[in-house]
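Could you put the whole structure together from the sequences, leaning on the hints where they help?
Quick mapping for you: the protein sequence lines, in order, are chains S and R. Residue numbering for the first sequence follows this note's numbering, beginning at 1 and increasing consecutively. Residue numbering for the second sequence follows this note's numbering, beginning at 1 and increasing consecutively.
Be careful, since some hints might not be right.
A short list of chain S residues far from chain R (calculated; beta carbon distances all over 12 Å) [to be verified]:
| id | residue |
| --- | --- |
| 1 | 22 |
| 2 | 70 |
| 3 | 142 |
Partial list, derived from the structure: chain R residues whose beta carbon lies under 8 Å from chain S [what the hints assert, rightly or not]:
| id | residue |
| --- | --- |
| 4 | 59 |
| 5 | 129 |
| 6 | 234 |
| 7 | 531 |
| 8 | 807 |
| 9 | 808 |
| 10 | 809 |
| 11 | 810 |
| 12 | 812 |
| 13 | 813 |
| 14 | 839 |
| 15 | 840 |
Treat the hints as calculated values from the structure; they're not laboratory data. Positions of the beta carbon are idealized from the N, C-alpha and C atoms, including for glycine.
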Amino acid sequence: MKLAVRLCLLCLVLSAVSAFAGIVGSTNPSLFPDTIDWCAQSSFACDGNQYTTSQLFTSSSGAIGLIGLPFNGFDFQALQAGTTLFGSSFPDGMGVVYNGVSTLGNPQDAIALLFAQPQYGAGAYIQTWFYGPFTAEVDLFDTSGNLIGFYDVNGVSSDQSSDLLFIGAIDPTGRNVAAALFLAQDSGGFFDFEIGQAGLATPEPSSILLIAPSVLGLYGMIRRRRSRKSQEVL
Amino acid sequence: MNYRKLLFGCFVVLLATQAVLAQVVKRETVQPLASPSSAKLPANSPRSPEPQTVVLKLSGSPVAVVRAGLPGKMIPDAQKLAIIQSLKTQQQALIPSIQAMGGKVLATYQQVLNGIKVQATPDEIQAMSKLPGVIEVKPVMTYHIDNALSVPFIGTPKVWNNPPGLHGEHIKVAIIDTGIDYTHANFGGPGTVAAFQAAQSTSTMPANPALFGPGAPRVKGGYDLVGDAYTGGNTPQPDPNPLDCNGHGSHTAGTAAGSGVTAAGSTFTGPYDLTTPGQSFIIGPGVAPEADIYSYRVFGCSGSTNVVVEALEMALADGVQVVSMSLGSNFGSALTADAEASQNLVNAGIVVAAASGNAGPIPYITSTPASGTKAISVAAMDSHTTFPGANLALTPSGSITVQNSNGYPFSNGTQWPVVVLRNPNGSISLGCNSNEYSTATGGTDVTGKLVVTMRGTCGRVDRAIYGEQGGAAAVAMINTSAGYPPYEGQITSNPDTGVPYTVTIPFFGVLQSDGNTLAGSTAATATNTTIANPTGGTIASFSSIGPLTGDGHMKPEIAAPGVSIFSTLVGSGNQGLYESGTSMATPHVAGVSALTTQAHPTWSASDVANAVVNTGDASQIVGYNATAAGNGLVQPYPAVLTKVSAHASDGTSALSFGRLQITTASYTGSQTLTLVNHSTGAASFSAAVVQGSGGTVAPHTATLGSNSVTVPANGTATLKLNLTVPQGSNSSSAFHNVEGRIVLTPTSGNNGVVLSVPYYAAVNARSLVTAKLNGSITGGTGSVAVANASGLFAGTARTFDWGIAAQHQSTFPTAIRSVGAQTISSGSGPAVRFAVNTLGQMSNPDSVEFDIYIFTSGNSNPDYEVVGADAGLLSGTGAFSGSMGVAVFDLVHGGGVLRFAATAPINGSTVLLPVLLSDLGISSSQAFSYVAFTTDLNTLSQDGEGTGWFNPFNNTISTGAAVSLAAGAGTTSVPITYNSSGAATSPTLGVMVVSLDNSTGNGTQALLLPIN
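Below you can see the structure in the form of structure tokens.
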């Protein structure tokens, strides 16, 4: 599925769909060690301002890309927990990118990371603006804009650090990920959310070994889910 | 046998535990203020939302931001006009929508901000914030004016002297103030009252170009943005003529750049050099006496202003190089529109000096727009080491030394009969009624006599005016507290009536201890003397202190003379008057900035500002500390000589570590200082740290990465400061400062100029109190387990009925996270105490107003409003007191009472607001509901949350326990009861455990325990 088509459908299907495609989803930030600190970027500051064009970012290893809100002509608000953002579960000092639905009146939109060079996968801390349960999703796209796969997981938004949620996904077949989209939908149905520190997967040999069992386990889950879904259809 | 012993042992342990509980779980009482007083509702109460003035900041860079990024910070006119036109087009597209929403467009900005200034209600502003292109809503603060020997005091004549021979020639200095009396001799005018009156008669018309404009001798430009009648609350009526009708702007302009007025009353034309201070003046020259003055008038004849950004726009467009703003609004942060505009100005190449404020030593109260990150915030110090005095030999016996408070001369040996104004009961009169000074009006014959009065009630100098008008030869006022009363300088008007009157007799200030001696005498023979000024060299008691609200960064930057400063008297032709305030200190620094800009024409404004601050002298401030005095007394001579400037990573002149919370580990951190050498010769320095100590300064260790540093020619070098705040050295959760200075002493180069850079952190030690429910308490009884995981700091736990929970995150720290209530006893009867917990840390809670609306009659209209706000605001004085009071307003019958002080720690996230139940009309078991609001008085950000319920006589969930938890205290169980039947009329969310000593991150000062 092409990137644009996929994103148009997201707001309709996110709350109803929870599925793995050919990717490995994870809530473990250690699988994404090439971190992206939004407050350490030279192109924007975590001062609460909105950035009206996509902004360049650089990861801790030097990978570069763009971050922005891709669909509605509005762009993100750069915040910092404890300084320009309060009442989140992000630890104080963490850079946060917000889609600005509540503070700026932005239309509901995804937060997209576009990579200059394909990556193995990407993840980020994520939560919704309004407190309560939410469903988060990360989508991976290849260099042609095709959806590689998506992963979603449920979380709770609050001001408690124990509720901090990380969501990420890896393409186990190789370095194919040209873009990653993040979304989160709250219990009121709104895509009103922000992401904290992000990370890129760096499956060097040791890391590949570490995540291999997870890949196998997730593959089993996918099979079970597919099987269950098939039974429902029947 | 053994089994029974074990049981017995458990029983003993249980008894012991209960005994401990009986000691530590207690019910508190709160004591009301000594005398309750009537209260006034603060202006920002959300109950009746008045229209507010804000700037809708738009996407797209204004001229100043673009200019800051260009080589040499110069922007071609064509590019500037294109930017302005583009932004205007963007703004015009939005204006119809703003007006359709009910907003009134007051101004548009393209130079220092890209924004639209709008007046609208909070709801309308909220709607406007969602218009396309609006990226931020910035408050527009309402400013108040902060009310010459000082120029030589800071060493200015050494700069005037050749070399370096700098006087500010061709440097454009903008004075944003009440306008200027360009007819005054201090600014090259005719120097006559008639000339001023003639100018005043046409003050809305273009000014005489011989006095104001490019061809004028001193005042080269400017504008009146408001008109005489502007008060800050009405519509400005601009005109091109910034003639002053208040006097403040003429005074400050004279200090920054006045020419000086000779003893003969004419304009001093120089030369300006080391010999200048030795000459006779009516008014001494300003700091940069040959700079070009640009006067932007933002105040009417009285009142306040909110058009400062407009003035900054004009100053930028006029190409000024230094801006002086002797105005401000308390509790400034870097987030206001004016602060951001100041910051943009510095980045665009303009040095900005602004007043720290006149609110005194209240943490975080330092003002905006001085709060702009790279603006120079200026504190005021007392430069007078001595005051004129008189020895009075008394008849029949005794002698006393008095202060000659207006400095009016008298001849040695002058003898006056003494007469005492007395009340009917024989006590010494205040002398506040002019009738007391003449037998014709039922008073005393004072003709030719020294009149003795007592200080109090009316303006101090009123007595001198009334005495002279009654024919007295001198007037004395006995002080009512230790020391001499304030030095007045020349008395030119009655402060209570505003009526001009220049006193030409001596006005003596008398020590309280000498009062009876003088009053018992019949005659006095006077001899001139001087008396030591007990506050000489100290920071003025009125000077606002830092750090900066919000991020806890270092402010103010520097100090300058601001007590009894003699400068231009508006409308007088060629006379002057004494004024005090950070307003008077600020133009000293603006003048120094002009000289430094002239000395370093290729430096950036940021480097010039840093040089001005780096060369401050802390040793000249008695009782120096950084939060009050910045880097010390401004020193123009080193500022113009230095070839090296130093700055922190954010470009400012101090290393700010911000707000630190110390819990279980020591804080260790570092910051890097960058030294920039602007010369062709290397400069080497030895480096040392001078740690602050005493007072509220916390123990700490500051070390440098190297004890020497060499800065190559036209290069840079860095120096690392390592800061350790040990965990065990800050024994309470009270607010402490960590401060000191890095001193860089040249070993070669830099013209021998010593540089210094302050470092600063705002520190609170924090407990780690935890709380959890022991199982479920919905069945009736249960307990909350509280403990303190900190092995170093004691903590507390207080139980409240949790009534309100926030629904969302926020971008401002004072938004509400939770609210609870507890029943508590007081010295005046049963009370309810509310706990309001915010999402983030408040710098000083006095910068926030807390409003709780109480509904006791069951309808949708609130019956009472509980307000937690600075007690000074609640009592109607208009001045911040530095402590929060709690007032209750009867919204049905009217009236209000201020009865309690709030518990509102600095750098906390929770305040406790006690209220007498009788003040809420509650005398029996009755539940009420409530909603809560917070308003940040700096940003005007407002949040409202509700609804909570509480029954003070029959708590749904028991409240009022208070547990002290020593460092490392194990678990203590606090019994809790749950009244399920009461929940029907007073529902609860659960138990709210408040620990004011905990950290503020993620709301740990209010531990929220929901019940099912």
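- Non-conforming hints, listed in increasing numerical order: The structure conflicts with hints 6 and 7, although it agrees with all the remaining ones.
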